[in-house]
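Residues per chain are reported as follows:
Protein chains: 2
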Amino acid sequence: MSTRTTTQITIAQAAERSGLSAHTLRYYERIGLIHPVGRGENGHRRYGRDDLEWLELLTKLRTTDMPIRQMVQYAELVREGPHTAARRRAMLEDHRDAVHAQMTALEEIAAVLDHKISMYTEMENNT
Amino acid sequence: MSTRTTTQITIAQAAERSGLSAHTLRYYERIGLIHPVGRGENGHRRYGRDDLEWLELLTKLRTTDMPIRQMVQYAELVREGPHTAARRRAMLEDHRDAVHAQMTALEEIAAVLDHKISMYTEMENNT
DNA sequence: GTAGACGTTCGAGCGCGCTCTAAGTCAAGG
DNA sequence: CCTTGACTTAGAGCGCGCTCGAACGTCTAC
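Chains as they are written, first to last, in our numbering: chain A, 6 to 132; chain B, 6 to 132.
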């Protein structure tokens, strides 16, 4: 029998590893973005491997501007079980498309910036 | 003598062409993001070619997440005259770098999403 | 001359995503 | 014992970027 003691860490450590603040971690839990995390004897939160992986996904989605409401929805689907897999995949696909669109826009604008910058450089040389 | 009557349009038209709301246009002017725009005899704003071009730049900077404070700073430099060109170029370069960083992050995450999506697809097929 | 569409100013309000405060619990160390 | 410090909760507050409302002015058509 394997006792499931998978590297339980404190909220401070989880904060440091995830790059989020302890405040934010509690906030995420409150709003249902994180499944209620386990507690130690003293009632303190203990974060395990899975929690950290989940946080990693969350931060990826956040940095690509997925709205929190959508992330909550995704989290709910995960909690509902495997039969929601198709819907989850659809959400990820939608988001991936959004990310692609974002990238296209960025590339276009980067080009415009390069153009403007070189115009400035030219101006500076022609004086 | 050329009379300077360069296609003066109303705020509603400027809103439509720029994709911003009239409310937002006035707001941008209030906070110094747009140099005070000309007025018709009735006191109504009249937007010209230059204004529209400026708006176009603004929206590009916004969609690439340049903070409004920074854009205001840039606008101030423009108003101060040509001797600020070097500083303006520096700002654009900084922002271009930020955009590149953003793009890199997006690419990385898009890859992760693709991976997760294909895992879901696999799951669905193996049942 | 009056309705209705469009414009003006000033200031308040809002949605998002945190961020922080206050008040309390608990454990370890001096 | 008492302090220190990491944790807990509930709820208030904040910065950003708009967004909207109220009250009023102006132009056009009927």
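Calculated from the structure, these hints are not laboratory results. Any given hint could turn out to be false.
Claimed, not checked - The list that follows gives simulated cross-link-like pairs (lysine-lysine, DSS-like), each with its CA atoms no further than 25 Å apart:
id, chain 1, residue 1, chain 2, residue 2
1, A, Lys121, B, Lys121
2, A, Lys65, B, Lys65
3, B, Lys65, A, Lys121
task: Measure nothing beyond the straight line between the CA atoms of Lys65/A and Lys65/B; if it is 25 Å or shorter, mark the hint as holding.
output: Holds. Lys65/A to Lys65/B sits at ~24 Å (cutoff 25 Å).
task: Mind checking the alpha carbons of Lys65/B and Lys121/A for me, to see if they're no more than 25 Å apart?
output: holds, 12 Å
task: For the pair supplied as a hint, Lys121/A and Lys121/B, confirm whether the alpha-carbon distance does not exceed 25 Å.
output: Not OK: Lys121/A and Lys121/B at ~39 Å, beyond 25 Å, violated.
The structure shown violates just one earlier hint, number 1.
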